[in-house]
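Number of protein chains: 2
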Amino acid sequence: MSAGWLDEVRWDEHGLVPAIAQDAASGQVLMVAWMNREALAETAQTARAVYWSRSRSRLWRKGEESGHTQSVKEVLLDCDGDVVLLKVDQAGGIACHTGRASCFFRKLEAGAWVVTQPVLVDPEQIYGKS
Amino acid sequence: MSAGWLDEVRWDEHGLVPAIAQDAASGQVLMVAWMNREALAETAQTARAVYWSRSRSRLWRKGEESGHTQSVKEVLLDCDGDVVLLKVDQAGGIACHTGRASCFFRKLEAGAWVVTQPVLVDPEQIYGKS
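These protein sequence lines map, in sequence, to chains A and B.
Counting along the first sequence from 1, when you hit position 109 you're at 108 in numbering that gives the first Met the number 0, and nothing is skipped either side.
Counting along the second sequence from 1, when you hit position 74 you're at 73 in numbering that gives the first Met the number 0, and nothing is skipped either side.
Careful, some of the hints might be misleading.
Computed Cβ-Cβ distance ranges for the label pairs, DEER-style [as the list claims (entries may be wrong)]:
{"#": "1", "chain 1": "A", "residue 1": "Val120", "chain 2": "B", "residue 2": "Glu64", "range": "44 to 52 Å"}
{"#": "2", "chain 1": "A", "residue 1": "Ser25", "chain 2": "B", "residue 2": "Gln124", "range": "29 to 37 Å"}
{"#": "3", "chain 1": "A", "residue 1": "His13", "chain 2": "B", "residue 2": "Thr115", "range": "45 to 53 Å"}
{"#": "4", "chain 1": "B", "residue 1": "Val113", "chain 2": "A", "residue 2": "Ser56", "range": "31 to 39 Å"}
{"#": "5", "chain 1": "B", "residue 1": "Leu58", "chain 2": "A", "residue 2": "Glu12", "range": "17 to 25 Å"}
{"#": "6", "chain 1": "B", "residue 1": "Asp11", "chain 2": "A", "residue 2": "Leu58", "range": "37 to 45 Å"}
{"#": "7", "chain 1": "B", "residue 1": "Gln124", "chain 2": "A", "residue 2": "Gly110", "range": "22 to 30 Å"}
{"#": "8", "chain 1": "B", "residue 1": "Gly66", "chain 2": "A", "residue 2": "Gly127", "range": "49 to 57 Å"}
{"#": "9", "chain 1": "A", "residue 1": "Pro117", "chain 2": "B", "residue 2": "Asp11", "range": "25 to 33 Å"}
{"#": "10", "chain 1": "B", "residue 1": "Gly91", "chain 2": "A", "residue 2": "Ser25", "range": "41 to 49 Å"}
{"#": "11", "chain 1": "A", "residue 1": "Asp79", "chain 2": "B", "residue 2": "Arg9", "range": "21 to 29 Å"}
{"#": "12", "chain 1": "B", "residue 1": "Leu58", "chain 2": "A", "residue 2": "Arg57", "range": "31 to 39 Å"}
{"#": "13", "chain 1": "B", "residue 1": "Leu58", "chain 2": "A", "residue 2": "Val120", "range": "36 to 44 Å"}
{"#": "14", "chain 1": "A", "residue 1": "Pro122", "chain 2": "B", "residue 2": "Ala111", "range": "34 to 42 Å"}
Derived contacts from chain A toward chain B, CB cut-off under 8 Å, selection only [as the list claims (entries may be wrong)]:
{"#": "15", "residue": "Val28"}
{"#": "16", "residue": "Thr97"}
{"#": "17", "residue": "Leu107"}
Simulated from the structure, these hints should not be mistaken for laboratory data.
No experiment lies behind these values; they were computed from the predicted model shown.
No residue lacks a Cβ here, since even glycine has one placed at the ideal position from N, Cα and C.
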């Protein structure tokens with residue numbers, strides 16, 4: 000892949016950048032994951048969010064297990080070139096592996112993290128039982 | 000600082016987590032910076048965004064030079080505990096050092112990054128000439 004726009008991204012020492020997924024309609028910040036060059040290239044090409052799973056060391060096509068794919072409406076880059084922002088349509092309205100709309104469901108209140116979002120679908124139902 | 004809620008954050012090997020600042024009213028994602036334990040503690044205590052400047056290796060009280068402080072309305076943590084999301088009121092309506100509202104002013108269009116936001120105030124005017 001020799002696309003010049005990919006060279007303008009400032010990949011870190013592991014060849015990764017953080018990528019924020021934001022709901023294109025509501026503006027809700029859904030999740031943050033990581034992308035390598037290949038993930039960002041495929042995301043741009045297919046308009047489906049593809050990340051790099053650091054725990055599994057492989058491309059992670061968001062929704063490949065859960066069905067909760069992300070249709071990418073916009074790809075944005077910050078001033079330093081080291082963070083990507085995706086504006087997405089979130090399939091199923093669930094981005095988080097806990098079955099919540101967003102991964103940012105804990106809010107700091109009086110010195111404690113308080114859960115502020117309901118579980119919409121039980122994760123066992125999303126991922127199946129093994 | 001022995002606050003338990005700070006222990007629930009999964010600091011990386013450098014003792015940092017990425018922190019997203021989002022406009023509390025419009026939902027616009029403004030910027031991403033880094034926080035260490037001290038920065039997050041002070042942010043929570045003062046309700047002003049404080050980051051850790053990796054380039055200067057010191058606390059960076061957002062707006063200390065530019066005046067573009069961030070008044071923090073909510074502090075959120077993601078499911079993995081390794082990303083913080085701040086909902087803020089952005090003083091001056093300018094979060095980016097380039098004088099733009101948001102750092103995410105480049106949009107991918109037909110294989111090129113295109114600038115999508117105007118410079119609201121010339122950075123030389125914000126930071127002064129040395």
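Note whether the CB distance of aspartate 11/B and leucine 58/A lies within 37 to 45 Å or breaks it.
Roughly 22 Å apart at Cβ, these two residues miss the hinted range, so it is violated.
If I claimed the Cβ atoms of leucine 58/B and valine 120/A lie 36 to 44 Å apart, would that claim hold in this structure?
holds, 41 Å
When the nearest CB of chain B is found for valine 28/A, is that gap smaller than 8 Å?
holds, 6 Å
Mind checking the hinted window 49 to 57 Å against the Cβ distance between glycine 66/B and glycine 127/A?
holds, 53 Å
Just to be careful: measuring from the Cβ of leucine 107/A to every Cβ in chain B, is the smallest value less than 8 Å?
OK, holds: leucine 107/A within 8 Å of chain B, min 4 Å.
Holds or violated: the 41 to 49 Å window for the beta-carbon distance between glycine 91/B and serine 25/A?
With Cβ atoms ~26 Å apart, the hint is violated.
Is 22 to 30 Å right for how far apart the beta carbons of glutamine 124/B and glycine 110/A are?
violated, 40 Å
Using the beta carbons of proline 117/A and aspartate 11/B, state whether their distance is inside 25 to 33 Å or not.
30 Å Cβ-Cβ, so the 25 to 33 Å window holds.
Hint check for alanine 111/B and proline 122/A - Cβ pair distance inside 34 to 42 Å:
Roughly 40 Å apart at Cβ, these two residues keep to the hinted range, so it holds.
Starting from the range 17 to 25 Å, see whether the pair leucine 58/B and glutamate 12/A falls in it by beta-carbon distance.
Holds - the Cβ-Cβ distance for leucine 58/B and glutamate 12/A, about 24 Å, lies within 17 to 25 Å.
Please check whether valine 113/B and serine 56/A have a Cβ separation lying inside 31 to 39 Å.
holds, 33 Å
Just tell me: holds or violated, for the beta carbon distance of aspartate 79/A and arginine 9/B against 21 to 29 Å?
Since the Cβ atoms of aspartate 79/A and arginine 9/B sit about 23 Å apart, the hinted range of 21 to 29 Å holds.
Going down the numbered hints, you'll see the structure goes against 3, 6, 7 and 10, while the others check out.
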